[in-house]
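From just these sequences and the hints, can you work out the full model?
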Amino acid sequence: MRRQFAEGRVLRDPAVGSQTVAITVPDVIRSAKSGSDWTANELQAYNIVVQPTPPNEFFATDVQPSLDHLDPAILDGRPGDDSPDLSEVAVKYLGYLDMATNPTQESFIVEFAAQTLKLLRFEDRHSFVMQRNIIPLVICAESRYAQADVCLLHRPSMVLLVLAEDKTLLNQTPAATVEAQVIADAITAYQFNNDKRAQQALPTLDAMTIPCITMVGTRPTFYLVLVTRELSAAVTMGSLPTTKTLVLKCVTATAHARRASEGMAETEYRRLALKRFLAFKTLAKSHWAKLLDGYD
Numbered sequence: 374m375r376r377q378f379a380e381g382r383v384l385r386d387p388a389v390g391s392q393t394v395a396i397t398v399p400d401v402i403r404s405a406k407s408g409s410d411w412t413a414n415e416l417q418a419y420n421i422v423v424q425p426t427p428p429n430e431f432f433a434t435d436v437q438p439s440l441d442h443l444d445p446a447i448l449d450g451r452p453g454d455d456s457p458d459l460s461e462v463a464v465k466y467l468g469y470l471d472m473a474t475n476p477t478q479e480s481f482i483v484e485f486a487a488q489t490l491k492l493l494r495f496e497d498r499h500s501f502v503m504q505r506n507i508i509p510l511v512i513c514a515e516s517r518y519a520q521a522d523v524c525l526l527h528r529p530s531m532v533l534l535v536l537a538e539d540k541t542l543l544n545q546t547p548a549a550t551v552e553a554q555v556i557a558d559a560i561t562a563y564q565f566n567n568d569k570r571a572q573q574a575l576p577t578l579d580a581m582t583i584p585c586i587t588m589v590g591t592r593p594t595f596y597l598v599l600v601t602r603e604l605s606a607a608v609t610m611g612s613l614p615t616t617k618t619l620v621l622k623c624v625t626a627t628a629h630a631r632r633a634s635e636g637m638a639e640t641e642y643r644r645l646a647l648k649r650f651l652a653f654k655t656l657a658k659s660h661w662a663k664l665l666d667g668y669d
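Once you know that position 214 of the sequence shown is 587 in the numbering used here, the rest is easy, because the numbers rise by one and skip nothing.
Everything labelled a hint here was simulated from the structure, so no lab data went into it. Treat each hint with caution, since some may be false.
Claimed, not checked - Okay, derived cross-link-like pairs now, DMTMM-like style, lysine to aspartate or glutamate, Cα gap no bigger than 25 Å in a straight line:
#1 540 - 430
#2 491 - 635
#3 540 - 471
#4 622 - 444
#5 654 - 430
#6 658 - 471
Given below as structure tokens:
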């Protein structure tokens, strides 16, 4: 099924309150794509805008989490260091970091991302870090799927967080496409989670904020994707939602561009990235609480 919307549709922009403004948009073809096939075209087609946000606004605090509970070797060790005086946890994490820094296949980056979430205790007794998790998606009245590279799954099956890696190693995926794919994962999670709530005889939610992460090599970027019933319905039917969806984005960057380009192999950037992961865990939990209310 292919759907197209015409130039000059009148859209309501929440940035101007209740005022209705005319926004000129080019012709965009909507088709039943799986989440891994989404590009910037789908963001435009479903009226989704990504807004870069400063860390203090994104995390709603200027206070950075402490890393004192982590093994110092994890913070300052050389990627791949397996010195006999290092702990097993440090050796393994530095090994994963080394493979992700010099990858020969995309799975190395995915594995490193999953191990980072585990190291920082995103998991608890009821939630698990999963890889390559397939989630059904209804788009343009057809059944497709999204495959999250990494996700945090609440037992038995509620998606709390999704992560996508940039896949540039083999096919040169543009960053905008990676953003589109993780946003598709978030919309898929909304549909999936509401289905699970309905199965538990719980009311479905009009909106969910799905915490998301993209990994460009070992450089994380964090997102808050507010998925509404209107947006999900528009994707389901292949139509243009009237209301713009604003996705908040926080890039992990240091003052030294060269160090940032090295990712977490560079210790200053590694410390910053781990602090951002921890801050994101706290932020994400505030959104999970609403999602899991009453859910067993």
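Now for the hints, and whether the structure bears them out:
1. 540 - 430: violated, 29 Å
2. 491 - 635: Roughly 22 Å between the alpha carbons, so the hint for residue 491 and residue 635 holds.
3. 540 - 471: Holds: residue 540 and residue 471 sit about 17 Å apart, inside 25 Å.
4. 622 - 444: violated, 29 Å
5. 654 - 430: holds, 16 Å
6. 658 - 471: violated, 30 Å
Against the hints set out earlier in the document, violations occur for numbers 1, 4, 6.
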